[in-house]
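Chain residues, written in single-letter form:
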Amino acid sequence: MNPLQQFDAEALYDELARQIKIAAPKLDNVALVGIYSGGAWLAERLVKDCQIKHSAGFIDVSFYRDDYAQKGMPAEVRPTHIPFNVDGATIILVDDVLYTGRTTRAAINELFDYGRPSQILLASLVDRGGRELPFAADFVAQSLNLPTNLSLQLTRETMSDHTVKLVLTLVEKDDTTPPTSN
Amino acid sequence: MKLHIKNGHLIDPLNDIDSNLDLFIQGGKIVAVGSAPAGFVADKTIDATGLTVVPGLVDLCARLREPGYEYKATLESELRAAVRGGVTSLICPPDTDPVLDESGLIGMLKQRAKAQNLAHVYPLGALTLGLAGTQITEMAALTEAGCVGFSQAEHLIQDTNVLLRALQYAKTFGYTVWLRPQDPHIGVGGVAHSGALASRMGLSGVPVMAETIALHTIFELQRSTGARVHLCRISSAAGVELIRQAKREGLDVSCDVGVHHLHLSDTDIGFFDSNARLSPPLRSDRDRAALRMAVLDGTIDAICSDHTPVDDDEKSLPFAEASPGATGLELLLSLVLKWAHENHINPAIAIARITSDPARVAGLGTGTAGDLSVGSSADLCIFDSNAEWIVDGKTLTSQGKHTPFLKHALPAQVRHTVVAGHVVFSLTTP
Amino acid sequence: MHNPQLNQHGELQHLITTEGLPKAIINRILDTAESFVSIGNREVKKVPLMRGKSVFNLFFENSTRTRTTFEIASKRLSADVINLNIAASSTSKGETLLDTIDNLAAMHADMFVVRHAQSGVPYLIAKHLHDTNQHHVHVVNAGDGRHAHPTQGLLDMYTIRHYKKDFTQLRVAIVGDILHSRVARSDIHALTTLGVPEVRAIGPKTLLPGGLEQMGVRVFNNMDEGLKDVDVIITLRLQHERMSGALLPSAQEFFKSYGLTPERLALAKPDAIVMHPGPMNRGVEIDSAVADGPQAVILSQVTFGIAVRMAVMSILAGN
Numbered sequence: 001m002n003p004l005q006q007f008d009a010e011a012l013y014d015e016l017a018r019q020i021k022i023a024a025p026k027l028d029n030v031a032l033v034g035i036y037s038g039g040a041w042l043a044e045r046l047v048k049d050c051q052i053k054h055s056a057g058f059i060d061v062s063f064y065r066d067d068y069a070q071k072g073m074p075a076e077v078r079p080t081h082i083p084f085n086v087d088g089a090t091i092i093l094v095d096d097v098l099y100t101g102r103t104t105r106a107a108i109n110e111l112f113d114y115g116r117p118s119q120i121l122l123a124s125l126v127d128r129g130g131r132e133l134p135f136a137a138d139f140v141a142q143s144l145n146l147p148t149n150l151s152l153q154l155t156r157e158t159m160s161d162h163t164v165k166l167v168l169t170l171v172e173k174d175d176t177t178p179p180t181s182n
Numbered sequence: 001m002k003l004h005i006k007n008g009h010l011i012d013p014l015n016d017i018d019s020n021l022d023l024f025i026q027g028g029k030i031v032a033v034g035s036a037p038a039g040f041v042a043d044k045t046i047d048a049t050g051l052t053v054v055p056g057l058v059d060l061c062a063r064l065r066e067p068g069y070e071y072k073a074t075l076e077s078e079l080r081a082a083v084r085g086g087v088t089s090l091i092c093p094p095d096t097d098p099v100l101d102e103s104g105l106i107g108m109l110k111q112r113a114k115a116q117n118l119a120h121v122y123p124l125g126a127l128t129l130g131l132a133g134t135q136i137t138e139m140a141a142l143t144e145a146g147c148v149g150f151s152q153a154e155h156l157i158q159d160t161n162v163l164l165r166a167l168q169y170a171k172t173f174g175y176t177v178w179l180r181p182q183d184p185h186i187g188v189g190g191v192a193h194s195g196a197l198a199s200r201m202g203l204s205g206v207p208v209m210a211e212t213i214a215l216h217t218i219f220e221l222q223r224s225t226g227a228r229v230h231l232c233r234i235s236s237a238a239g240v241e242l243i244r245q246a247k248r249e250g251l252d253v254s255c256d257v258g259v260h261h262l263h264l265s266d267t268d269i270g271f272f273d274s275n276a277r278l279s280p281p282l283r284s285d286r287d288r289a290a291l292r293m294a295v296l297d298g299t300i301d302a303i304c305s306d307h308t309p310v311d312d313d314e315k316s317l318p319f320a321e322a323s324p325g326a327t328g329l330e331l332l333l334s335l336v337l338k339w340a341h342e343n344h345i346n347p348a349i350a351i352a353r354i355t356s357d358p359a360r361v362a363g364l365g366t367g368t369a370g371d372l373s374v375g376s377s378a379d380l381c382i383f384d385s386n387a388e389w390i391v392d393g394k395t396l397t398s399q400g401k402h403t404p405f406l407k408h409a410l411p412a413q414v415r416h417t418v419v420a421g422h423v424v425f426s427l428t429t430p
Numbered sequence: 001m002h003n004p005q006l007n008q009h010g011e012l013q014h015l016i017t018t019e020g021l022p023k024a025i026i027n028r029i030l031d032t033a034e035s036f037v038s039i040g041n042r043e044v045k046k047v048p049l050m051r052g053k054s055v056f057n058l059f060f061e062n063s064t065r066t067r068t069t070f071e072i073a074s075k076r077l078s079a080d081v082i083n084l085n086i087a088a089s090s091t092s093k094g095e096t097l098l099d100t101i102d103n104l105a106a107m108h109a110d111m112f113v114v115r116h117a118q119s120g121v122p123y124l125i126a127k128h129l130h131d132t133n134q135h136h137v138h139v140v141n142a143g144d145g146r147h148a149h150p151t152q153g154l155l156d157m158y159t160i161r162h163y164k165k166d167f168t169q170l171r172v173a174i175v176g177d178i179l180h181s182r183v184a185r186s187d188i189h190a191l192t193t194l195g196v197p198e199v200r201a202i203g204p205k206t207l208l209p210g211g212l213e214q215m216g217v218r219v220f221n222n223m224d225e226g227l228k229d230v231d232v233i234i235t236l237r238l239q240h241e242r243m244s245g246a247l248l249p250s251a252q253e254f255f256k257s258y259g260l261t262p263e264r265l266a267l268a269k270p271d272a273i274v275m276h277p278g279p280m281n282r283g284v285e286i287d288s289a290v291a292d293g294p295q296a297v298i299l300s301q302v303t304f305g306i307a308v309r310m311a312v313m314s315i316l317a318g319n
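Going down the list, the protein sequences come from chains A, B and C. The numbering of the first sequence is my numbering, which starts it at 1 and goes up by one. The numbering of the second sequence is my numbering, which starts it at 1 and goes up by one. The numbering of the third sequence is my numbering, which starts it at 1 and goes up by one.
Don't read these hints as lab results, they were simulated from the structure. Please note: incorrect hints may appear among the correct ones.
Using 25 Å as the maximum straight-line C-alpha spacing, the simulated DMTMM-like pairs for lysine to aspartate or glutamate come out as follows [what the hints assert, rightly or not]:
#1 127(C) / 273(B)
#2 71(A) / 80(C)
#3 171(B) / 95(B)
#4 315(B) / 95(C)
#5 127(C) / 311(B)
#6 71(A) / 110(C)
#7 269(C) / 321(B)
#8 46(C) / 67(A)
#9 75(C) / 66(A)
#10 71(A) / 31(C)
#11 75(C) / 113(A)
#12 401(B) / 102(C)
#13 164(C) / 292(C)
#14 407(B) / 131(C)
#15 165(C) / 76(A)
#16 127(C) / 95(B)
#17 45(C) / 132(A)
Just so you know, these numbers come straight off a predicted model, no measurement behind them.
Starting from the given sequences, assemble the full structure and let the hints guide the process.
Listed below in structure tokens is the structure:
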């Protein structure tokens with residue numbers, strides 16, 4: 001991994017939370033579902049900071065990805081956990097980086113196997129362009145246009161004062177770069 | 001035809017010869033060893049420089065599959081395989097179809113074999129009619145037709161009383177009874193050596209006890225009848241020990257081991273490889289070590305190939321359903337020399353176990369087979385002990401292509417085989 | 001000797017036995033199964049992973065239970081399932097085993113789930129597929145003779161992990177006809193690989209195979225001694241055929257010495273779990289009070305079995 005630039009992820013998070021906090025009260029039966037693992041971390045915090053009634057849901061899209069034929073089963077699969085009724089809910093799908101849109105497609109397909117939401121909105125910390133499917137984020141902290149050889153990775157770091165901080169790093173893709181959810 | 005085998009390294013265990021000596025053959029017999037007889041002018045000379053010359057191998061068990069199993073193999077293919085492996089005399093068991101329990105069948109078999117002009121075939125007659133274990137055969141008539149002994153092949157006699165009567169009758173005429181020592185009930189249906197490996201693999205086992213109980217029974221019957229018995233395909237350390245004691249006691253008994261059992265043990269089954277499905281089964285490393293010791297010290301008199309051609313369909317089956325057996329005529333010499341080499345054994349001893357010793361066991365007598373004395377039938381095998389060959393369907397002449405040694409490189413390649421003074425095999429592409 | 005279960009990259013190509021299955025692969029299967037368990041709790045129990053793939057259930061030995069769970073697992077993965085019940089005899093009469101495989105592979109089979117009465121059959125099939133360059137076809141062993149039943153072994157491990165969490169502190173007892181049991185063998189190999197410090201086999205001498213100690217097992221002929229302080233009890237089915245063949249005098253006598261009754265269960269740890277691969281013979285290997293009691297997790301095994309099989313099939317199909 002070859003870090004080129006670090007973004008102020010906490011500042012981006014604050015911007016995203018500000019947008020959702022404004023919109024949430026106007027949405028009926030709203031719930032957050034975070035896509036593992038970056039989206040899950042974000043959803044966990046957003047549910048508290050935006051005073052969302054429902055507990056956060058977490059979704060693993062491994063069984064709905066469109067690259068199973070090429071790549072097989074991912075090495076790590078976590079259980080999807082939706083602790084509320086999807087039928088009639090307004091779901092804000094939360095992801096860390098919006099890129100090709102394929103992860104969004106997989107997550108939506110999976111959510112529909114749980115029930116019929118009344119509306120799905122998309123929240124992403126960063127929109128890096130490069131869409132391959134027609135998806136757009138409803139809430140975004142920063143839009144960029146990144147070339148294909150670069151990758152954005154959201155991680156968590158424990159600071160010296162024991163708080164956990166979000167860190168967003170731009171790296172050059174090489175063979176060791178794990179496949180991002182995009 | 002006058003044949004001169006020049007400059008070969010001669011190993012003739014019966015006559016204690018192990019040095020460079022020429023051989024002179026005339027009229028199908030050996031006329032001189034060392035220097036040419038006066039006035040001898042060879043019609044054909046074989047230059048055996050760098051090669052080893054031994055008596056033609058005597059194989060105590062090779063299945064030719066005729067009559068009845070021609071789809072598996074024929075006399076022609078198997079006798080060609082025999083001479084390719086340097087085997088010039090072989091004993092075939094009576095488990096053909098029909099069973100060799102009738103003198104007409106023996107006569108026909110001997111005639112067909114003779115017409116091939118390849119290796120000598122000495123059939124064993126069935127001990128009981130149809131090998132069914134109830135009624136004894138016309139042993140005198142069968143012997144007259146050419147049988148050298150009587151056997152039940154793999155069919156076990158259930159009724160001990162029948163075995164007793166058969167041994168008594170054989171003793172009357174001085175015939176040898178060849179028996180597989182295996183209890184007819186314990187381990188029936190077993191396909192592998194009873195032990196940790198078979199347990200792990202979920203395979204039915206044949207315990208060593210099946211062999212030792214049968215040996216005890218046979219020896220008791222021998223004490224009572226005085227019959228001569230040859231025990232076929234010993235497989236266990238405990239079995240070997242019982243035979244050692246029986247010989248010490250003075251019972252008239254000899255025994256052989258299948259060459260595969262000198263090399264392999266049950267772990268060679270690997271992932272259920274049906275090529276390792278043999279009868280008796282391959283046993284533990286301890287058993288194998290005891291078999292090797294016994295061949296060395298003479299408790300085991302002879303090593304045989306136990307040649308059993310099995311066709312592809314019968315091996316492409318689940319392990320327990322596959323037909324047991326492996327091809328062996330063409331591997332006997334190589335496997336025996338490989339064993340000798342790996343265990344630092346004098347090759348002369350190894351050669352004895354496949355020439356003079358089996359000839360003695362089969363009652364073939366000096367002069368007929370197994371030695372290169374002056375006046376003996378000129379049956380010999382000339383091989384290159386430094387050459388290696390790969391075992392595969394292309395190099396095997398036998399129609400049986402299945403052996404655990406498939407794809408292995410084996411030492412010693414036969415260059416020429418001579419039977420009754422005629423060169424019946426020469427390797428064309430070394 | 002190369003392990004025919006793994007391909008040249010060390011990935012699972014076939015699932016034939018738990019013996020020699022690397023710990024990392026076992027754990028990955030169990031971890032993946034966890035996700036599939038939650039799928040069973042929602043309305044739409046399908047995921048699209050094996051859409052368009054054909055799974056052929058080749059059962060040479062009858063078993064409605066196992067075949068059904070494999071069928072459910074395949075369908076939940078959106079695969080197409082074809083069931084073939086072939087008569088037990090695979091010699092002379094009709095098509096040979098390998099001819100059947102070739103014919104089905106020609107019908108674009110992606111996976112064979114095979115059960116056969118003879119040990120070693122999955123290896124025969126795997127070798128044939130390898131020799132005929134059909135590397136995209138995978139074999140799942142649904143039970144071969146007495147040799148292995150790996151999916152049962154894995155679901156048993158999943159069950160133990162679910163209730164007990166840490167394998168390295170457990171005593172596990174397997175009770176009954178271990179001689180004829182492929183489940184016992186698969187359990188033993190998986191337990192030892194996962195680091196269970198003590199695996200016990202309990203049964204009469206006629207039902208225990210030789211060589212158990214070499215597999216890492218402590219042998220007990222006395223049930224009361226064998227059950228002392230165990231954390232997990234796996235009771236095996238006693239087959240009626242065993243009663244003939246001079247192995248056991250009667251089912252009643254077996255129950256007297258080896259049946260899992262509440263009194264015997266009390267000798268184990270108070271939070272011990274009771275497992276059974278099914279189907280149960282109540283009153284033979286297990287008392288109804290125990291089978292229906294709070295310590296029995298037998299029905300959970302069935303649920304977990306579907307998830308574990310889904311995990312196995314989806315990992316194989318993706319390799």
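Review point. Hey, residue 401(B) versus residue 102(C), does the alpha-carbon distance stay inside 25 Å?
Key: 23 Å, holds
Point to revise | Pairwise hint evaluation, residue 80(C) against residue 71(A), where the allowed Cα distance is 25 Å at most | key: This hinted pair holds, its Cα atoms lying about 21 Å apart.
Check your understanding: Is the hinted pair residue 46(C) and residue 67(A) satisfied, with a Cα-Cα distance of at most 25 Å?
Key -> Satisfied, since the Cα-Cα distance of roughly 18 Å is no more than 25 Å.
Exercise for review: For the pair supplied as a hint, residue 127(C) and residue 273(B), confirm whether the alpha-carbon distance does not exceed 25 Å.
Suggested key: 10 Å, holds
Check your understanding: Does the alpha-carbon distance linking residue 164(C) and residue 292(C) stay inside the 25 Å limit?
Key -> 20 Å, holds
Review point. Straight-line Cα separation of residue 127(C) and residue 95(B) no greater than 25 Å?
Key: Status violated; Cα separation ~32 Å.
Exercise for review: Mind checking the alpha carbons of residue 315(B) and residue 95(C) for me, to see if they're no more than 25 Å apart?
Suggested key: 15 Å, holds
Point to revise | Pair hint residue 407(B) and residue 131(C), alpha-carbon separation not exceeding 25 Å | key: Holds, at roughly 15 Å.
Point to revise | Agreement of residue 269(C) and residue 321(B) with the hint, judged by alpha carbon distance not exceeding 25 Å | key: Violated: residue 269(C) and residue 321(B) sit about 45 Å apart, past 25 Å.
**Study point:** Pair hint outcome, residue 71(A) versus residue 31(C) [Cα-Cα no greater than 25 Å]
**Key:** 18 Å, holds
Exercise for review: Starting from residue 71(A), check that the Cα of residue 110(C) is at most 25 Å away, please.
Suggested key: 17 Å, holds
**Study point:** Restraint check for residue 127(C) with residue 311(B), where alpha carbons must lie at most 25 Å apart
**Key:** Status holds; Cα separation ~18 Å.
When the structure is compared with the earlier hints, violations turn up for hints 7, 16 and 17 and for no others.
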